[in-house]
Every structure is written in C-alpha cells, then in structure tokens.
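Colleague: Residue numbers (my numbering), protein chains in the order written: chain A, 1 to 293; chain B, 1 to 344.
Hints in this document: simulated from the structure, not taken from any laboratory. Keep in mind that a hint or two might mislead.
Said to hold, decoys possible - Reference listing, derived: stretches of chain A covered by chain B, where coverage requires no fewer than 3 residues with Cβ under 8 angstroms from a Cβ of chain B: (1) 149-156; (2) 193-200.
As the list claims (entries may be wrong) - Calculated lysine-lysine pairs in the DSSO-like style (CA-CA distance at most 30 angstroms, straight line): (3) Lys170/B - Lys25/B; (4) Lys218/A - Lys293/B; (5) Lys201/B - Lys215/B; (6) Lys87/A - Lys215/B; (7) Lys218/A - Lys137/A; (8) Lys170/B - Lys293/B; (9) Lys87/A - Lys293/B.
We put the beta carbon where it would ideally sit given N, CA and C, even for glycine.
Okay, here's what each chain looks like letter by letter:
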Amino acid sequence: MLTVLFDGLAYGMLLFVLAVGLSVTLGLMNFINLAHGAFAMAGGYIAVVLMQRFGLSLFWGLPVAFIVTAAAGAFLERTLYVHLYDKPHLEQVMFTIGLVFMSVASVDYFMGASPQIVDVPKSLEGNIEIGDLTLNKYRLFVIVFCAVLTAALQLGLSRTRFGSRLRAAVDDARVARGLGINVTAIFALTFAFGSGLAGLGGALGAAIFSLDPQFPLKFMIYFLVVIAVGGTTTITGPFFASILLGVADVAGKYYTPTIAGHQIQVGGFVIYTIMVLVLIFRPQGLFGRAPGK
Amino acid sequence: MIDTAAHATQGGESRAMAYFAERAKWRWPEFALWIGAFALAFLFPSRALLFNEVAILALFALSLDIVLGYAGIVSLGHGAFFGLGAYVAGLLAKAGAGAGLLSDPTFGLLISAIFCAFVGYITSFLVLRGADLTRLMVTLGVALIFAELANRMAWLTGGADGLQGVMPGKILGLFEFDLFGRNAYLYSLTTLFLLFIVARKVINSPFGVSLRAIKGNALRAGAVGINVNRRLNGAYTLGAAYAGVAGALLAQTTAFVSLDVMEFHRSADVMLIVIFGGVGTLYGAIIGAAAFKILYDLLAAATPQYWQFWLGLILVLLVLFVRGGIMGLVTGVYQRLTGKGGAA
C-alpha cells in the first residue's frame, strides 16, 4: 500500500514537471499547445542519445535536455507559434497535432519504434529499506529532485519581479500590457522555460515510463487531465492534480490489472471519469479560480 | 396601416423563402461529383474496397462537419460515436447470424443511428457546458471512457481480439456482400448519398441557418431569439447519429469490429479530413476524405511507417497558409469561372 503511494508520488511529481509549462502557457495566452508532449519526448531522447552514444551519465543528460528543449521551445515559439495566438482554437489544435505527428514520425525514423531502455546512474540503483518499506532509490531521487524544483518554481513565482509580472499577465493580459508589462516577452520566456521543464521531465522519467515515439500522443491525455483538474491560474493546482493523478494511476495499475491493451488504458477509466466530472461541475478546475475577465 | 405591415411581413417571408430556395439549389459540379462517384464502382471494380473506405470516411467526416463546421463545437472525441455505431451494428449482425431482421444491414444502420443519437443527445449536455478548451477535453474524455468500456467488456466486444463472427445479411434482402466489395461500395455510397441529401436539407433549413448564426456569435444569436443550447444539442445529436451510421457501415462491409474503431487516431484523422477539405461546406468532408485516403496510400507506399510526418507537415502548412481547405480553393476557382458568389 505504501509502496503504491510512493510510486504514485514519484509518478505524480514527474507529471507535474512535465505539465506545468503547458498549464502556465495555456493560462497566459489561452493557447492550446497539444505538442507539449513532443518537447518532453525530445528531452527524453536527448538524454538517451547522450547516455548511449556518448556514454555520459544521466546527471549530464538532465541539464542538457533542459537547455536544448528550452532553446528549441524558444525558437519554435518565435518562428511558428507566434502566428497562431489570434487564430481560432480549432486551428491551434490542428497545428499542434500536426507538430505531434511530425515529431512522432521523426523520432521513429531516427531512433526506431521500440521503447528505449534507460539505465539509471549506478549510485541510484537498488532500493533503500526503511523498516518494512522498500523504497526504490531512483524514485526517491525523482521525488526529492521534483520537490526541490517545485519549491523553487513557487518561490520564483511569488518572490521575484519576473514572477509577479507573470502572475499579472496570467490574471489579465490586457491590463498587464496597459501597465507597461511586456507580455509577449514574458510569454516567450515562459514558453521556453516550460518546454525546458518538459524536456527535463522527459529525461528524468525516461527510466520510469517507457519512452517510445508514441509518447506525445499517450501523454497528451495526461497533460489535459492535469490541466482540467488543476486549472491554469496557479501552479499549486496542477501540482496537486498531478499527485492525485499519479497516485490514482499507479493504484489503478496495481489493483485492476488488465491483460492486453495499452499502458494508458489500464486503470484509466477512473481518471477519465474524474476528469469529465470535474470539468462539468468545476470548469475552471478543482483548485483553480474563475479567470478574472 | 395594418395592411402595409402585413404586406411587409409577407414580402419578407417570400424573400426568405427565395433565399432558402437559392441556397438549396443544386449546381452542376455537384451532379458531376455524385455521378462520378457511382460510376467508379463500374469503371474500377478492382479498387472497390478502397472506394468503400473512402465513402465511409466521407460519411464520418460529414458527421463531424455538422458538429464542427456548422455547430462550431470543437470535438476531439467524435470517434466514440463511430466506434459505438460499429459495435452496435456488429453485435446485431452477429446475433442475427446472417439471416432475419437482426442481420438486415439497413435495420443495423437504423438501430446504430438511433442508439448513437441517444448517446449523443445525453453527452451533448456535458459537452455544451464549457467553452472551447473544456469541450475539447470533455469530448476526449468521453471518447476515452467509451474506448475503455469496449476494452473492459471483452465478453461482449471480444476485447483486443476484436468482434468475431459478424455476419451481415443481404442488402434489402437482395444483394449479397461480395468479395471484391463492389456491392459494399454501392451500399456505402448510396447511404452516404441519401444522408448527404438529408444533411444538405438540414443545413439549408432555418435550423441550419440558425446554427450559422450561433457560430457567428452565440450571444447575439441568443438575443434575436434563438435557443442556442437546444440547437447545439440537436446538431450534436445529428452528428452523433451520422457517425454511428458510418461506423455501422464499416462493421457491416468488413464483417469485423476491433478496438481500433475507438482509438484516438480516428477522431484526429476525421478532424484532419474536415479541416483539409474545408470546414462547414459538406462537400469538403467528401473531397477531404478522398484526398486523405489517396494521400495516405501514396505516402504510405513511398515511406511506409513515416507517412505521419508528411501528414503532420501538410497540417501545419495548411493552418499557416491555406484558409478554408480544399473547398476554399475549389469554390474560389468556381466563383471565378461562373462569375457569381455563393458556395454550394
């Protein structure tokens, strides 16, 4: 039971790091970026390439994955996404799904369709035993790492000048603009940072969930659930939503095993039902508040 | 005074009637398209199976065009109704074992349509509660729930092995489904044609025009006295029924139903087709389906496995550079040729 909770926590933390960028950019620009998972996948594969081809450890893979995906995010935001902010949601959806398809096929072409196996660093192999409880070292690392990251994000958002500008822009972009805040620049930076975080999460999670070219499609649904349940106005909302989702998902896998079918569908039933119910009764998310417009 | 008022109303009424008549008029490219489509069955009998797929895809796209193009509801889970219709028709045909009313293909279509319309009506209330983004997620969530149900209820649906032993009877008790798929194609195409005529009538009716008003501006449409949610419920229900028929056609003509009918890519593909063909044009759905299938075959033959890349690229370019899809281009050319406005 505690092991399930522990695994779920690690999984939820990962989901949060993966999804938080999407949630903030969605709240900021009201832009539906379904291709967010592609950045996460890119991060995962960057780590894999570094480890397999160059023999570096995962500790090197993490920062490189972050930097490269953040740069890619910034580049794409400035060249492609910027044309789409004032287009209807439908076109944004089509555009980003197109990007997903392209990324899926490209990764398939360069890396092959089979799931990648990622070795965790030697120092993080094995388990720690505390009483009756067996804790996987790597998962513990993930939890601690993500917790520190989350705390840093929350501090950055609430204490720094950039954070307060960002919060102002999320609350009401028009008024923020009127006050002289450069929302476009904030958005570009946030987008790049969020993409970088997704890449980092992808690299971090590559050893936990299977990394294959279908990753952006599979996880798109998880991201949407996190946002639907958590709302887009804070980062604590998506955080709790991620933990909830992670624990529910892992518990679902433990207690209702199914033989065939995809990994995502196993135990997914409960999650989707929760998502639909939350959307119906609290369209702004369980933890969100109504947008100030 | 009273007389002139009555007169004015009458004038307005006849003008409205003329407007509807003008909108509903058939134009020559439409006749050409349908005659060509039926002729294909006899010109290229060996490709009938492919044509059949196109016809089914076109009907599916048509159903989404009603929901998306006319009602303006962005749905990422339209495949749910397609899959539902396929399972209903498949189970009926299995129960009938090739004979009797249960296996009658037309009866199967009817029951699938009614069932999907019912489910569509119920879920439309959930879908309509939110704005675009919420709708996207609710439709996706509903579709995932149905996919999960189909997966879990293996005793009924056959689970991952698919539904075996689907035996549709003779079409109208006369024509058997043959190996080469010609009858299947004619059957699907006729269904598509009949349902297209109905859709065309609906779109050009006051109901259809009110949908257009809602899509233009829901608030103002409500202000001029249109019951916005009721109309959208209706459109969503109709779209669900159409998608169910498309799914039923697939189940009957291939005599097999697998979990694949519920997969997410169905919903994504059909959305792509509608956008590709042109949103809110009806014909866009049909042309889009044909173009999609041809493109798919070409790309899959050239780069098997990686065709998705080119598909994605086309999507991205389409959104960035082409507004209105193929139909946008076609009607532009047509209007230039005939020198008059008004789209089919």
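Colleague: Hint by hint, say whether it matches the structure.
Modeller: Now for the hints, and whether the structure bears them out:
Proximity of the region 149-156 of chain A to chain B, defined as three or more residues with a beta carbon under 8 angstroms from a beta carbon of that chain, is not established by the 0 residues found. Counting residues of the region 193-200 of chain A whose C-beta lies closer than 8 angstroms to any C-beta of chain B gives 0; at least three are required, and the coverage claim is violated. Only pairs whose Cα atoms come within 30 angstroms are accepted, and Lys170/B paired with Lys25/B is rejected, the gap being roughly 35 angstroms. Under the criterion of a C-alpha separation no larger than 30 angstroms, the hint pairing Lys218/A with Lys293/B is consistent with the structure, at around 25 angstroms.
This hinted pair checks out: Lys201/B and Lys215/B have alpha carbons roughly 19 angstroms apart, not beyond 30 angstroms. Of the supplied pair hints, the one linking Lys87/A and Lys215/B holds, its CA atoms being roughly 15 angstroms apart against a limit of 30 angstroms. Pair hint Lys218/A plus Lys137/A holds up; C-alpha atoms about 26 angstroms apart against a cutoff of 30 angstroms. For the proposed pair Lys170/B and Lys293/B, the alpha carbon gap of about 28 angstroms is at most 30 angstroms, so the pair holds.
For a cut-off of 30 angstroms, the pair hint linking Lys87/A to Lys293/B stands: about 28 angstroms separates their Cα positions.
The structure fails to meet hints 1, 2 and 3 from the earlier list, while all remaining hints are met.
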